[in-house]
Structures are given as C-alpha cells and as structure tokens.
Amino acid sequence: MVFSSHVFIFAFLPLVLLGYYLLPRAVSGQRLRRAQNLFLIAASLFFYGYFNVSYLLLIAASILVNYALARAIQDCRQQGLVKLCFILGVLFNILLIGYFKYYDFFIENINFLFHSNYALKHLLLPLGISFFTFQQLSFLVSVYKKEEQVEDFINYCVFVLFFPQLVAGPIVLYSEMIPQFRDESRCRFNGDNMAGGIFMFCIGLFKKVVVADTVALFVDNGLAQSSLGLVASWAVVLSYAMQIYFDFSGYSDMAIGLGKMFNIDIPYNFLSPYKSESFSELWRRWHITLGRALSTYVYKPLGGSRKGEFRACVNTFITFFISGLWHGAAWTYVLWGSIQGLLIALERPLRSKLAKIPHPLRVFSTFILFALLATIFRAENFSQLGMVFSGLLNFSNINIAQISALVLDNSFDFPTAVDIIYLFGLLAVLLFVVLRCKNSKEMLESFRCDSKSLAFTVFLFCFSVIHLSRGSIFIYFNF
Amino acid sequence: MNNKNLSSAQWLRRFLALVLAVLAILAVLVYIIDPYYHYRAYDHKYKIDKIFSVPGVVKNYDYDTIIIGSSMTQNFDMDSFRRELGQNPVKATLGGIDTPEVAALLKLAQDAGHAENYYLCIDETMLFGDEGEQRFPEYLMDNNPFNDYRYFWGYEAWMRFIPLDLALLAADKLGIALPQRFQDARSVDKMGEWAYRYSFGKEQVLDAYANSANGEGIQLDENAAVEDPIAQCDKFLSSIDLSQGNVVLYFPPYSALMWYKMQQEGRLDNYFAAKRYFTAQLSAYDNVTIYDFQGADFTTDLDNYKDVRHHSPEINDFIVHCFATGEYRIAPEQVVETEARILQNIETLLAENPEIPTLRN
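The listed protein sequences derive, respectively, from chains A and B. All residue numbers for the first sequence refer to the numbering used here, where the first residue is 29 and numbers rise by one. All residue numbers for the second sequence refer to the numbering used here, where the first residue is 1061 and numbers rise by one.
If you are wondering where the hints come from, they were derived from the structure by calculation, not from laboratory data. Don't take every hint at face value.
The following residues of chain A were derived to be distant from chain B, with all beta-carbon distances above 12 Å [unchecked claim]:
no., residue
1, L85
2, I122
3, Y131
4, D132
5, N218
6, G224
7, F227
8, L299
9, Y361
10, S366
11, Q412
12, I449
13, L455
14, L463
15, F491
Non-contacting residues of chain B with respect to chain A, defined by C-beta distances greater than 12 Å in every case (computed) [unchecked claim]:
no., residue
16, V1090
17, D1103
18, R1210
19, E1216
20, Y1258
21, G1261
22, E1325
23, A1384
24, L1409
25, A1411
Between beta-carbon pairs, the in silico distance windows are [said to hold, decoys possible]:
no., chain 1, residue 1, chain 2, residue 2, range
26, B, R1100, A, F442, 24 to 30 Å
27, B, A1291, A, F484, 37 to 43 Å
28, B, K1295, A, L112, 53 to 59 Å
All values reported here derive from a predicted model rather than from experimental measurement. Every residue gets a Cβ at the ideal spot worked out from N, C-alpha and C, and that includes glycine.
Isolated chain B, as found in the complex (with noise of 0.2 Å):
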C-alpha cells in the first residue's frame, strides 16, 4: 500500500468519515446477525448466553409458558412440560437469581405478551435474602434504541460472541459434526443448563456440607438471619405484578440438610415466619396457585442431590408432573403444614446418616 502523505485537514476529515463508516458497519452487521436474539429469535443457531441471550428470548421467542427462576429452574426439561402440560414453554433463568431479576424478567415476558402460564420458583434467598444487583444488561431489557449503541459495539458481541456464531454457522454450512454440547449450547430449551457438569450423590452432598473451604456457601453463618424478614418479603412482592395470565409459584426441595443447616444458623424460623407472610399476601390472587415440596419425602435422600441445596433433573421432571397433577399444591394457609414436616424430615436425616456432622464456626 502506498503510504500517501496528507495535510492535517485531510487526515482528520478522513479519521471521522472512516471511523463512523467503520463503526456504521460494525452497527449493520450486529443487527444482521443478532447474536444476543434483540431483535429476533431463532433456536439452535447460535451459542447462548445465560446473561446476554435471556432477554431476547424472553421478548422475541415463541412460547406460551415462561419459567423464571434460578439453578434449581435450569435442568427443567421443556418437553416434560410440552408432554405433561401441553405446554410451549421457555426458560429465563440465571444461577443466584436475585429478586430484581425476577422482577425485571416478569416485566420484560408481561411487555412482550406472549405468555399465558407463569411459573416461578422461590427461592429461600427471596424471601429474606440479600438484595443483589440486576445483571442483564440495562440495553437488552429495555427498548431504548438510543442505549442500543452498547450492543452494537458491543465487547461481548464483538469479541465473544460473533466469531464464535459464525464458526459455529460455517461449521454447520461445511457439514461438520460437532461434539453435542456445542449443539446444546445452541439450543434455546437448554438455556442454562447444568446438571451434565455434575454428578448427584450422597457423598458428593456430604463433602460439600462437610468441607467449608470449597466455596459452596456451606459454612456457619450465624449473621445470616435478616432482623426484618417481613420489609423484605413486601419489596419483594411489590416489585412483581401477579395479576395477569396464570401464575404458578413454587417452592423449591432443597435436601433437609439445607433445612439442618439453617437450623443451626438460627434462621430457619425467621425463614418460616417470611414465608408464611408470603403466602399469605397471595390469597388476593385467584389466578395464583402455590406448590411447596419443601416438605417432600426425597429431601431426605441426598442421592437426589449434587449439594445441600441443587436436585437432580429427575426432581425436576417430578415437579413438572406435579404441576400436571395438582399433588404438593396448597392453599396459602397450608403452608405452616410443611414447617412440621421439614423439622420432621430434619429428625429422619440425621437418624438416617448419623455421620452428619454440626456445623461449627
């Protein structure tokens, strides 16, 4: 190339006309492409994101039952809900969701209006957890064009993932086979999830609750207890709008030795206090049904479990049966039903697996 002198004047015109042709581009062909699903959605195209692709599915996917929720959400199997409930369903999930993600996400499916069934899991952390900040990214959840200019120059979309879309498309074009999870990584009914990565067990469940250094969250929290359960559960419920479409709220099975754990913490009272407040606000809902299979048998056997906390995806298909089945529903005020079975189901862990040890600090 020749390396042609210019004047300033003629340099600087020439810097601004290339850079906004260059970022003109570079806008153009993110909105073809579209690897986040912003403006449309397909399935098995392109990698997906639990953070970046959540949204787009969320307002451009095709379904008519939405699951919202954390990891204990992301092993549900889509079909189980198409051959159970005649379901066309898509999940919005994010691991540690926090309660303005939920609230965020509810508004974005409401907004698009594509849903009939809502489902949400609610988690212990919901109720009188921390409150932790909202991580989809601002542009993706709104419908501000003007704050689009972050995905079109987008660091993620840019550097992460079109050059790894577009390999993933040549790869398909040139007929080569590629190992399934990048084809699971692709597929919008396996957004988030996880349970290949893991394995499920009793010893897996014990070396987690026994080895605190591992950062599974298992240690002795004794500070864990929120002085206000009740202020929490009121944020939280005024951030949702529950009134519209069918709306099924569920508590999740954690193993009883979660149920141990935050019975040494001291806070499995506070927890019970704020979840029977809970439910009690949502007896002005004719459209909101309960489950609560935090009493449930299995919570005992930690086979069921890769930690005190996260079941296996057969939980989950047995959940899904149970929406199908009405079994584990109840009435708002059957919820203090489950805390005698909770402490019961404590007794009968222990009894069961005496090797369990206390937590200390």
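So here's chain A without its partners, still in its complex pose (with noise of 0.2 Å):
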C-alpha cells in the first residue's frame, strides 16, 4: 500500500487511527500499551503485504533472526560466542540484501567480465528492503557494542514494522523510537498532534503527487527522446532534481506526519537540501537519517577524521561509494555515489578558499551540480545518461521547440509558447520554493490551529486527492 493512494487515505489509516485511539477504551493500565504496539504491528503486516504476501515471509524471517541473534548477544556470557552471533547477523544481512538486491548485478558483472553466461535470477526486489535491513543491522551493531538493551520482542516488532517509516525510512534508531513506543502517556488521542500530524501529511502528499508527479512526466518524456536538443537537456536535469527531491521528501514529511498522529516523533529527513553552499552540508541536509546511519557505522568505524586529513577524504569517498552501491545494483548508482563521495573529499581541503566564494553563487552552483549528478541517478543506463549530458552543451541544436514533446500528456496539443512557458514556470516557482520558503521542519513548528492553517490544509488534501489517481510509485521504494 502507498501513503498516496484512496486505499491508504480513504481506508486504511482511518480505521487504524478509530482501532489505535479506540483500544483505551477496552484495555487499561500497563496492558494498554502493549495492545496498542501489537495493533500497529498487525496494522504494519497488513500494510507491508498488501504489496505482495509472500514479502511477509520475508520480513518474519528477517525480524526473526536479527532478534533472536541480538538475544543471543546480549544475553551470551562467552565472548567467542556473542562474537560469532554478531558476525553471523551482519552476515545474514548481507547475504540477505545482497541475495535479493545484487545477485543479478554481480552475475551480470561476472557474466561481462569473463564472458560467461550464469542465469540472471530476475528476483522481484521485496520493498524496502534496504531500509528494513540496514535499521536491523544497525540495531545489532548498537546491541554488540552495548549501547542498545534487547528487550521484549513485541516492542523490537514495532521497531522494525512501523508502517509509516517501513518501506521507504526515515532510517530510525531502537533508542529514539523504543521509549516512545513503551511511554503510556502517548497512548491517548492528542488533538494538538492529530493536527499537526495532518498538515504535515498533507504537505508531504502535496509534494509528492502534485508537484513530482508532474515534473516526472517531463523528465519521462524527456528520457524517452532519441536525442535531446540543449534546451530539453537542461530541462531534463532540473526537472529531476524537483522531482527527486519533492518526491522523496514529500515521502517523508508524510511518514512524519503519520507518526505523530500516533503521538510518535519520527526524525526529520530533510532540511532544504538545496539552500546549501557545499556538498557536505547538502549531505547533512539530504537523507538525514541515511547520512546519520552510514557516519555512524561506516564513517566512523573506518577512522573518520581521526587519522588525518588525507584518511579523512579517502573514509568520505569509501563511505559515499557505499551509498551509491545501497542505493542501488548499477554502475549508474556507484558512479553517482563515487562522484558524491569525490566532491565531498576534495571540498575538505578547498574550505578556505571555496568559503571566498560569494554565498548565492556557491549555492548555485551546488545545486546545478547536485542536480547533474541526480541525472546519472536517474538514467536507466550510460547511453541515456549520454543523451542527457551530450545535449546540456549543445549549442548547435538549441530545439526549444522539443518542450513541447517533454510536456505531452497526449491531452490536448497546446502550442509550444504555452508549452514552454508552462514547464519553465513551474520550474521556476519550485527553484524559489526550494532555496527561499520555508522548509517542511519550520512549516510545523510554526504550525498553529487557526483559520488559516485549516483552508491551507483543506487546500493541500483535496488537490492532493484529485492527483491521485494519476497513480505512480515512490522513487524510494526501489531501494
């Protein structure tokens, strides 16, 4: 199920907020809460299967098997045998992953380097299956280095099932969630969050299927070109930066909103990536909880900035490049990542004289290159990508004309100016968006019950409803 679907808005979370909020009348005292965690488990099951059944074995087997070896760590008293637990953990998360996510990518791999010719599995990637995997794993390496307690296992369920942050994060820690799943005080129906938690839905459903829906389409149209003239190209790239970060963020303004109308606090994902003036802010900015979960048991494990300036970058570039390879079984991905990771470790030694910059132009020019490099993350393969960049420079085919091809949604014909002054100024009103409104974070902190919260709300839901049945996934969903 999709958070962006009349299954989702109309059925699901309605009668799981009457069920939730309707429990404290049947049960009380110490029981409630507990009833309250299995609810919201049973609820998350439903949620995760109704995707496709057989990943519920999936899932049971990993939740399984990460808590039964996170016991087993803890409660071990050999040390050989609570080492031998963590590496068969982080070994069966590996292999997991890497069974359902990279087999057909390291097979093509073999197949090309040695010209074999080993089968492709073709395997259907079970969603979410990154996020639920790295959260888990992260969780294990907390219990090995005890800094996390194993407790009982409908409370490490909820953790880990949680629909509204399960198939596409934030990636979240046992010790910001378990406490407020345990605290009873969260257990009653609380306006002031119910509120709160639907404008900040509404906002996050607004971004995603109004506004990175339709650019989609322009990026779609354009990819599906056999070549791109200059202008379609940069059209192209802009659009994609819009849609991947309206997309993706709008996905987690919704799961915040969620939370908290279950009284949960889920941390916040983004911050206005693209106000920022270098890469590694923009990284502090975008994905938080990935950047946050890859410092700390990659970064940091590998030396961080312990060992030097020139360890340092070479830590930044092997953790970048592992987030190219989490976020997906391509080239395209690890080039993306590496490329990232590059620009981050070259701009720690060029700080003072970057910082000489004046500040619009560095934001500027982050955000071009950010978005160029959102390119390679989008292209399905290296000649796309081509097409892409060979037109962003080619001044000898300008074809403004071919806009009006990347804005056809075979309703009607309208004429290329209408055209072109539509795509553009969409972009443009999304450009002064993104670098200069406000930001989801300080949209609901400065949330109050008013009139005009309700009409913006209001707004925000039911043009948000009439885009729904466009009906399109969560770019997220497939990592």
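Relying on the hints, combine the two individually framed chains into one complex.
In structure tokens:
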C-alpha cells in the first residue's frame, strides 16, 4: 500500500487510527501500550503484505533471525560466542540484501568479465529491504557495542515494522523509537498532534502527488526521446532535481505526519538541502537519517577524521561509494555515489578557498552540480545518460520546440509557447520554493490551529486527492 | 480574512467537515458536467479522448452499428456507413488495440444493447501478437458505482478535461470561432481520427521502412514469430462472444511491404497458419461474415500508405463500399487464396520498386 493512494487515505489510515484510539476504552493500565503496539504490528503487516503477501515471509524471517541473534549477543556470557553471533548477524543481513538486490548485478558483471553465461534470477526486489535491513543491522551493532538493550519481542517488531517508516524510512534508531512506544502518556488521542500530523501529511502528499509526479512527466518524456537539444536537456536535469527532492522529502513528510498522528516523533529527513552552499552541507540536509547511519556504521568505524586529513578524504569517498551501492545495484549508482564522495572529499582541503566565493554562487553551483549528478542516478543506462549530458552543451541544437515533447500528456497539443511558459514557469516557482521558502520542519514548528492553517490544509488535501488517480510509485521504494 | 484561532478539536472537526464538503461538491460537479460521457453522451460537447471517452460513448451514445478496432479503423468516415449501408454508426477504437481491449469493448457494447451490427478489425497482432494490458480505466468500463470515486476526484477529469471543456463551452457561448481542429476534437464521428496529422505516399513509407531508428517498429525482429499461434487464437476467440447481432470481421489491407517485412522476419507462414485456424473457427457462426482485404491489388501501391501498415482514409471509404457491395467477402475456407495473392503482391512490389532494401539486424 502506498501513502498516496485512495485505499490508504480513505480506508486503511482512518480505520487504523480509529482502532488505535478506541483501544484505551477496552484495555487499561500497562496492557494498553502492549495492546496498541500489537495493533500497530498487525496493521503494519497488513500494510506491507498488501504489496505482495509473500514479502511477509521474508520480513518475518528477517525480524526473527535478527531478534534471536540480538538476544544471543546480549545474553551470552562467552565472548567468543557473542562475536560469532554478531558476525552471523552481519552476514545474514548482508547476504539477504545481497541475494535480493545485488545477485543479478553481480552475475551480470561476472558474465561481462569472463564472457560466461550464468543465468540471472530477475528477483522481485522486496519493498523497503534496504531500509529494514539497514535498520536491523544498525541495531545489532548497537547491541554488540552494548549501546542498546534488547527488550521484548513486541517492542522490537514495532520498531522494525511501524508502517509510517517501514518501506522508505526515515531510518530510525531503536533508542529514539522504543522509549516512545513504551511511553504510556502517548497512548491517548492528542488533538494538537493529530492536527499537526494531518498538516504535515498533507504537505508531503502535495509534494509527492502534485509536484513530483507533475515534473516526473517532463523527465520521463525527455528520457524517452531519441535525442535531446540544449533546452530540453537542461529542462530534464532541473526537472529531475525537483522530482527527486519533492518525491522523497514528500514521502518523509508524510511519514513524520503519520507518526505524529500516533503521537510518535519520527526524525526529520530533509532540511532545505538545495539551500546548501557545499556538498558536505547538502548531505547533512538530504536523507539525514541515512547520512547519520552511514556516518555511525561506515565512516566512523573506518577512522572518520581521526587519522588525518588524507584518511578523512578516503573514508568520505568509501562511505559515499557504499551509499551509491546501497541506493541501487547498477554502475550508474556506483558512479553517482563515487562522484558525490569525491566532491565532498575535495571540499575538505579546499574549504578556505571555497569560502571566498560569494554565497549565492556557491548555492547555485552546488545545486546545479547536484542536479547533474541526480541525472546519473535517474538514467537507466549510460547511453541515456550520454544523451542528456551531450545535449547540455550542444549549442548547435538548441531546439526549444522540443519542450512540447516533454510536456505532452496526450490530452491536447497546446502551442509550443504555452508549453515553454508552463514548464519553465513551474520550474521557476519550484526553484523559488526550495531556495527561499520555509521547509516542512519550519512549517510544522510554526503550525497553529487557526483558520488560515485550516484552509491551507484543506486545499492541500483536496488538491492532492484529485491527483491520486494519476498513480505512481515513490522513487525510494526501489531501494 | 480574519485568522481566527481554533482549538485542536475545532480545527479537526472543521477539517473533516470541509474536506467532506469539498469532495462532495467535486463529485456532484463531475456528475453534472460528465466530461467522459460516463452517465450520458452528446455530440460536439466536450473534448473526446481515446482512452477516457470511448467507454462512455459506447455505453450511452445513440447508435445501431459499432466499429471496434485499432488505428486501422480510426479514419473511417461515419458518413460513409450512413450513406453506403444506411446504418447509424459509432467508432470504438484505440491505437494499437490489444485483444483484451477488443474483448472489453465488445462486451461493453453488447451489455449496452444499442448495436445490431458489429464491425471488428482483426489485426495480425491479435492473432499472434503479444497480449497487452487493458488500457481503458476499469471504473469507466464497469457498472460498479462504488469505484466511480476515481472519476469524481479524478486527475484527468479535473486537471485535464474539465478546464478545457469549460473553456470550449465558454467559447461557444461567447460566439468565439475556434479552429476546426477544436471542433473535430469534440466530434463523436471523428473520435480517434489521425489522418489529418500525416501525409501519405511512397516516400514516407520507404523512409519509415528504411530508417529503423524512427521508432515505427519496422526493425527486423526475428524473434517475433510466436511458438503457438493456435493457442493465441483460441485465447482470443474464447474472450469474445460473436453470437450476438450481425458481426463483420475484416482483415485489414496492410501494404505489401508489411508482408515482405514479415516474410523476412520468418513469421509470414506463422501468420497464415494462425489466420487459417482463426477463420476456420468462425464457420460455427451464421451471423459472422468475413472480409479479407489483405491480398488486394492496391496494397502494392505504396502511395496509399503512410507507413508499412497504415493506409489512407480513401482505403477506409473503399472498405465501407465493399461492405455494401460484398466485394472481398470470403468464406472461411477461401482464406488460403489470399495467401497466394499476398505472396504474388510481394513479388510485384519488389519488381516495381527495386530500390526496396532487405532489412538486416
């Protein structure tokens, strides 16, 4: 089930909220929290199984094995056994994700290198496998390092399965979620949280179904061309930068809003990344919870910045290389991650020189560079990427009329001038929003229950609802 | 506007009430405007869309004859049916239509109960092509009122059609003369028509044939032959009910170059086998007549085409004329005679046009 669907918004969510807040009428005392967590687990399993029932077996196996190993790591007295359980846990998670996500990629490369012909499996990637595997792996590490205590199985399940963050994050930590799922003061309906949650959910929904899915059309149409002129290439690059931001931050906002409806605070994942003046700043504002996890479990164990400037640069590069691979099993992702890593690594020694460049120029160049790199992320293969990139500097083929092909949605052929004004007008508005306007966190913090916020939220919701039937899937579900 | 502070309970109650009110108003407006003709159909009122309007027209328009098919049927002149056959026709067509879509449209028309005459264009892809998805939205194809919310709060209805439809209606009211293509876009008779956008001629056809990069699907595809065309035919036949009304099935006249291409791909015999089997199954129906234009002499004249497959509207007129006169009507067992003519036409085409190259991988 996706958040931006009729079935989720008009059936699943209202019923789950109703059930959740009716439980206090039937159960009281300490049993209430447990009953609510069990209810959330059941709802989340339904949410996850709605995509594909067979996924349930996989996620159930993942949870059972990780929980058993975490318990063994915590309870075992023999240090050797603890280490063995930990290694088994790490291997289990890496093999699980490796099998489903990277098997075909690995075999393709073997076949290419050795001219062999091993069969590909074409496995259907279980949704959110990267997220729930990473989350559980990080938990195992924390237990091994004695930073976390394994508690009862129900709490562990709700930590992994809580549907708002299950399939595309934010990647949450046990220590920030479990106290909330234990807290009895969060059991009962809270009007302020509910209103704030609805407000945040509507912002995210609007970002996804209205904004991201609209610009997605430009990108899809652009990449379907056999060649792109200068103007259309830039339109595709800028549109995709907008699409990926509004898509993923929209999803995260919805997750945060949903959490709030259940009185659960989910960490922010995006803080105006396009306002950044450097790549390192951008990655502190973009997919924050992934950056946090990679920093804790990859960058710091590699030595972080403790072993001098050069090692810090190398460690940064390795971390982003892994980030690229985490995002997807293709060389385009690896290239994308590697270039990000290289740029951030290079920013370290050049800090003082870069600081002399005027702020607007730094923001602009960071944004453009990120948008170009995002195109690598989007391209299905290197020839598609070559088509876009060669168009970017092709001053002999400006072909502004090609914008009509990008805007085409098969409803009516409007004059090219209208298409150009529409596409670039929309991109200009979005650019203004991402560079100058408040982000979702700031909007939620300044949210008050008043008639203005009411009208705004009703507009966001209703306008989004009429975009639901357009149908699409979140970009980050693929990871 | 005064920004009035509210308690969270008031905010939530009003949010719920306002959302319900807005959604109800949107639903009522869609029901009244009905841009897809889902509840009632008119001529020359709204912009007609090949995906969204066809189901409503089939259900609610006034007709006694329905033509179901692919782009091969989209340029039929409805007046020619009126003139030559005295019928009151409507087109239910979709470019690249697939067998599930033909079956769905036929069933929709049969359930609607308007039609006495059914014309079905049987494309070669239907007999052994890949089976695609049914592209007409489910909520427009069924009679289930509970999924009409997809229409009431539909993106296409609200963001694409209603604004345009209201603008067109306003232009009518204000007496603003719109270009002819805006008028044609609202004509049920012209639903799906595409001929005005293209030019026809040998040059275009040879260009399309020779330039494999232009996406016209003329690349040599040696994997195109289907292992079991009989099973595909059985599947198609079992999905359609041919027992109602007067049914006319016709095999459309692709250019001889199309047959040459299929011959090079090694799937011409495969197609012949499928077609023979398909027509043999039709002998069971007294109400089905078959027309086969695939061996027609004019298929060697590439000036009649825009690419290897698509013929000019004049050929459509000729086909309707044949429906009236019975020319090109065949009995199921006569289908083999067409095969010899197709092979002869390929030879004639190549003799008359020695510049036609052989396709390569």
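Outcome of the hint check:
1. L85: holds, 28 Å
2. I122: For I122/A, whose nearest Cβ neighbour in chain B is about 37 Å away, the distance exceeds 12 Å, so it holds.
3. Y131: holds, 26 Å
4. D132: Given a closest Cβ separation of 22 Å, the condition holds.
5. N218: violated, 8 Å
6. G224: violated, 9 Å
7. F227: violated, 9 Å
8. L299: holds, 26 Å
9. Y361: holds, 28 Å
10. S366: holds, 33 Å
11. Q412: The assertion about Q412/A holds, with a minimum of 15 Å to chain B.
12. I449: I449/A is indeed farther than 12 Å from all Cβ atoms of chain B, at 16 Å.
13. L455: Check passes; 18 Å lies beyond 12 Å.
14. L463: holds, 26 Å
15. F491: Given a closest Cβ separation of 9 Å, the condition is violated.
16. V1090: Its Cβ does come within 12 Å of chain A, the nearest being 10 Å, so this is violated.
17. D1103: holds, 19 Å
18. R1210: violated, 5 Å
19. E1216: About 7 Å separates E1216/B from the closest Cβ of chain A, which leaves it inside 12 Å; violated.
20. Y1258: holds, 14 Å
21. G1261: holds, 23 Å
22. E1325: The claim holds: E1325/B sits with its nearest Cβ about 23 Å from chain A, beyond 12 Å.
23. A1384: holds, 35 Å
24. L1409: About 29 Å separates L1409/B from the closest Cβ of chain A, which puts it past 12 Å; holds.
25. A1411: holds, 34 Å
26. R1100/B / F442/A: 24 to 30 Å: Check passed, 28 Å falls within 24 to 30 Å.
27. A1291/B / F484/A: 37 to 43 Å: Since A1291/B and F484/A have Cβ atoms about 57 Å apart, the given range 37 to 43 Å is violated.
28. K1295/B / L112/A: 53 to 59 Å: holds, 56 Å
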